[in-house]
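Residue numbers (the working numbering), protein chains in the order written: chain R, 1 to 269; chain D, 270 to 666.
If you are wondering where the hints come from, they were derived from the structure by calculation, not from laboratory data.
Predicted model only: the values in this text are computed from it and were never measured.
Treat the hints loosely; a few may be bogus.
[Unchecked claim] Pulled from the structure, derived: some chain D residues nowhere near chain R, Cβ distances all over 12 Å: (1) Ile369; (2) Gly389; (3) Phe488.
[As the list claims (entries may be wrong)] Incomplete in silico selection of chain D near chain R, CB under 7 Å: (4) Ile298; (5) Leu302; (6) Gly350; (7) Glu370; (8) Met387; (9) Phe462.
In this text, a Cβ means the ideal position worked out from N, Cα and C, and glycines have one as well.
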Amino acid sequence: MKLSNVFCKRNRVLLRELVITDFKLRYQGSVLGYAWSLLKPLFLFAIMYVVFGLMIKIGSVEHYAVYLLLGIILWNFFAEATNQGMGSIVGRGDLLRKISFPKYIIVLSTTISALINLTLNLIIVGVLMLFNGVALHWSALMLPFYILEIYLLALGLAFYLSALNVKYRDTSHIWEIIMQAAFYATPIIYPLSIVVAKSGAVAKLLLMNPIAQAIQDARYVLITRESITVSGLLGSGFYILIPVSIVLIVFIGGTLYFKRHSKYFAELI
Amino acid sequence: MSKHQDQPAVIVSGLHKSFKLPHEQHSGIKQMLVNRLKGKKGFEIQHVLKNVSFEVKKGEFFGIVGKNGSGKSTLLKLLAGIYTPDKGKIRVNGSLTPFIELGVGFNHELTGRENVFMNGALLGFDHKEMEAMYDEIVEFAELGKFMDQKLKNYSSGMQVRLAFSIAIKANSDILIFDEVLAVGDAAFQQKCFDVFAELKKKGATIILVTHDMSSVLRFCDKAIIVDKGSVTGIGDPYTISDMYLELNYDNNTNDESSVVDSADGNRVAIESIEFIDANGKKTTSPNSGDVCRVGMKYINENEDYINFGFQIFNDAGVYCFGTNTKICGLDPINSSEGFVQIELALGLLPGNYYINVAIMNKNATSSLFYKTKAYSFRIKKDTQVEGISKLDYRWIR
Numbered sequence: 001m002k003l004s005n006v007f008c009k010r011n012r013v014l015l016r017e018l019v020i021t022d023f024k025l026r027y028q029g030s031v032l033g034y035a036w037s038l039l040k041p042l043f044l045f046a047i048m049y050v051v052f053g054l055m056i057k058i059g060s061v062e063h064y065a066v067y068l069l070l071g072i073i074l075w076n077f078f079a080e081a082t083n084q085g086m087g088s089i090v091g092r093g094d095l096l097r098k099i100s101f102p103k104y105i106i107v108l109s110t111t112i113s114a115l116i117n118l119t120l121n122l123i124i125v126g127v128l129m130l131f132n133g134v135a136l137h138w139s140a141l142m143l144p145f146y147i148l149e150i151y152l153l154a155l156g157l158a159f160y161l162s163a164l165n166v167k168y169r170d171t172s173h174i175w176e177i178i179m180q181a182a183f184y185a186t187p188i189i190y191p192l193s194i195v196v197a198k199s200g201a202v203a204k205l206l207l208m209n210p211i212a213q214a215i216q217d218a219r220y221v222l223i224t225r226e227s228i229t230v231s232g233l234l235g236s237g238f239y240i241l242i243p244v245s246i247v248l249i250v251f252i253g254g255t256l257y258f259k260r261h262s263k264y265f266a267e268l269i
Numbered sequence: 270m271s272k273h274q275d276q277p278a279v280i281v282s283g284l285h286k287s288f289k290l291p292h293e294q295h296s297g298i299k300q301m302l303v304n305r306l307k308g309k310k311g312f313e314i315q316h317v318l319k320n321v322s323f324e325v326k327k328g329e330f331f332g333i334v335g336k337n338g339s340g341k342s343t344l345l346k347l348l349a350g351i352y353t354p355d356k357g358k359i360r361v362n363g364s365l366t367p368f369i370e371l372g373v374g375f376n377h378e379l380t381g382r383e384n385v386f387m388n389g390a391l392l393g394f395d396h397k398e399m400e401a402m403y404d405e406i407v408e409f410a411e412l413g414k415f416m417d418q419k420l421k422n423y424s425s426g427m428q429v430r431l432a433f434s435i436a437i438k439a440n441s442d443i444l445i446f447d448e449v450l451a452v453g454d455a456a457f458q459q460k461c462f463d464v465f466a467e468l469k470k471k472g473a474t475i476i477l478v479t480h481d482m483s484s485v486l487r488f489c490d491k492a493i494i495v496d497k498g499s500v501t502g503i504g505d506p507y508t509i510s511d512m513y514l515e516l517n518y519d520n521n522t523n524d525e526s527s528v529v530d531s532a533d534g535n536r537v538a539i540e541s542i543e544f545i546d547a548n549g550k551k552t553t554s555p556n557s558g559d560v561c562r563v564g565m566k567y568i569n570e571n572e573d574y575i576n577f578g579f580q581i582f583n584d585a586g587v588y589c590f591g592t593n594t595k596i597c598g599l600d601p602i603n604s605s606e607g608f609v610q611i612e613l614a615l616g617l618l619p620g621n622y623y624i625n626v627a628i629m630n631k632n633a634t635s636s637l638f639y640k641t642k643a644y645s646f647r648i649k650k651d652t653q654v655e656g657i658s659k660l661d662y663r664w665i666r
């Protein structure tokens with residue numbers, strides 16, 4: 001796999017068709033169709049908001065509703081990209097056994113679908129921001145960087161998990177459990193300030209998780225300065241290099257693992 | 270392309286491929302741990318290809334033949350780049366498109382039109398290029414009215430037609446076909462043959478993987494036989510098809526003791542069969558057109574009146590010839606044992622054939638004894654005729 005081949009014509013064409021197909025097939029046969037990918041996170045948000053915002057009143061943050069929605073949407077993006085990516089190679093087994101093409105395109109196409117979904121969902125965030133009177137700041141331009149961070153992490157994991165899933169189908173179950181734990185280990189529902197109040201060390205540790213860091217930073221630049229970020233909690237922006245390095249290590253490691261094993265997918269599936 | 274004109278299109282050298290066959294169906298972590306603990310490997314190594322080497326020249330129509338399980342499909346997948354060789358090299362000069370199956374990537378939930386674009390993408394055509402040849406594809410497939418319907422509402426014949434119409438647009442230097450010809454009706458097969466002829470004229474390099482000798486004879490310039498993972502023969506199509514028939518020739522059925530008798534007390538059976546050529550010698554490989562005699566030694570302990578039946582099938586299971594003593598107006602026999610003969614001019618084409626024999630009751634309404642593949646013989650090569658039978662013919666000019 002030469003780097004120049006990564007985006008040669010055939011691969012680009014194929015990637016495009018796979019993304020389009022995925023898009024068309026996702027809500028095949030449902031009445032509301034693509035609206036579901038907007039409605040699902042919206043309903044999840046509504047439930048979370050009623051439970052944690054109104055009943056338990058955990059949300060002591062400014063603009064908690066938007067704050068919560070952005071967290072949920074970014075998390076869902078990560079979850080969707082890794083889950084769909086993980087199953088993509090096995091799911092396209094019929095194709096792999098009959099024609100030769102770079103396998104990474106399959107994983108890439110599912111993560112790009114997730115990225116398209118995220119873009120649509122961010123529109124909802126924008127609308128809610130308008131309703132809540134959240135002022136847009138220049139720093140919001142940093143948002144794509146944090147999304148890229150989550151995307152690279154998800155892509156790296158998707159590469160690794162999809163290759164592993166070819167060998168061991170247990171992977172998807174294990175990942176489901178990990179994701180459940182990770183959801184609560186990431187300050188999505190609860191504001192990080194709650195953890196800081198209990199133990200500053202734990203809060204610092206939680207922020208070394210690239211998704212927690214990216215979500216907190218995204219909230220900071222887009223919604224509220226009350227969002228606790230790495231530079232806010234640890235005193236220096238340099239500490240952000242730790243989660244960013246984790247992202248890069250996972251991405252490179254996942255890509256290499258995938259590359260090494262992709263030769264044998266066709267005969268293993 | 271012109272620069273490397275004399276270079277072979279494909280060079281395969283010293284190719285090895287083996288597969289790990291897991292003992293258990295389940296691929297899971299539990300199984301892995303159990304196997305580790307027990308010190309078992311949990312799989313067997315199967316060597317599918319052993320030191321395979323050959324060359325395909327530019328513009329050649331190249332056949333790869335072999336029985337089921339010979340490794341020819343694995344070889345095809347290695348050529349197509351789907352599998353990775355353990356050892357050895359495959360060098361391909363030019364672009365290569367494999368057709369292991371028609372309509373790869375077809376999705377039943379998408380419309381015919383959407384599937385055309387998806388399938389085209391797998392062949393390397395972008396949206397614009399597909400748009401340009403879309404009408405032609407639809408016309409060739411004769412599916413104009415159906416293109417906006419979902420593929421799941423297509424008949425299988427329609428799907429194959431659509432897939433084939435896209436496939437022939439593939440603009441590669443080298444094309445590999447698996448036994449795609451096996452599907453579809455006669456008219457469709459003819460279309461395939463026409464396309465082959467067209468491609469051959471254009472000078473494309475074509476590799477055909479098949480066990481149908483008639484298409485090898487008809488199209489190939491050169492062929493190889495793959496048997497038990499090795500190349501056992503390289504040569505012109507006639508030599509190869511002859512070798513292939515010999516390879517497939519099943520000697521066991523000629524073992525006289527294998528003619529079993531019916532299992533009741535009184536035996537009614539054909540005990541042995543012999544095949545005698547025009548010179549009075551026993552043979553299993555007569556020439557096409559030879560006059561031969563097939564003798565059957567029978568036993569009829571019931572001493573009822575009996576008739577004899579005789580059939581010839583080819584190895585594709587096609588019923589080539591059949592007759593019995595009743596329809597030929599011969600009187601039934603009631604002797605307790607004896608010998609009957611049938612004399613035949615073998616107007617058959619090269620290939621492997623089987624003889625089925627039967628003993629029937631007086632009116633030939635039911636069989637008292639029936640043995641399939643009671644004898645097999647092979648007609649040797651004949652380079653003058655094609656088809657399914659050799660009629661008595663001569664040219665008059």
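Enumerated hints in conflict with the structure, sorted upward: Hints 1, 2, 5 and 9 are the ones this structure does not satisfy, whereas the remaining hints hold.
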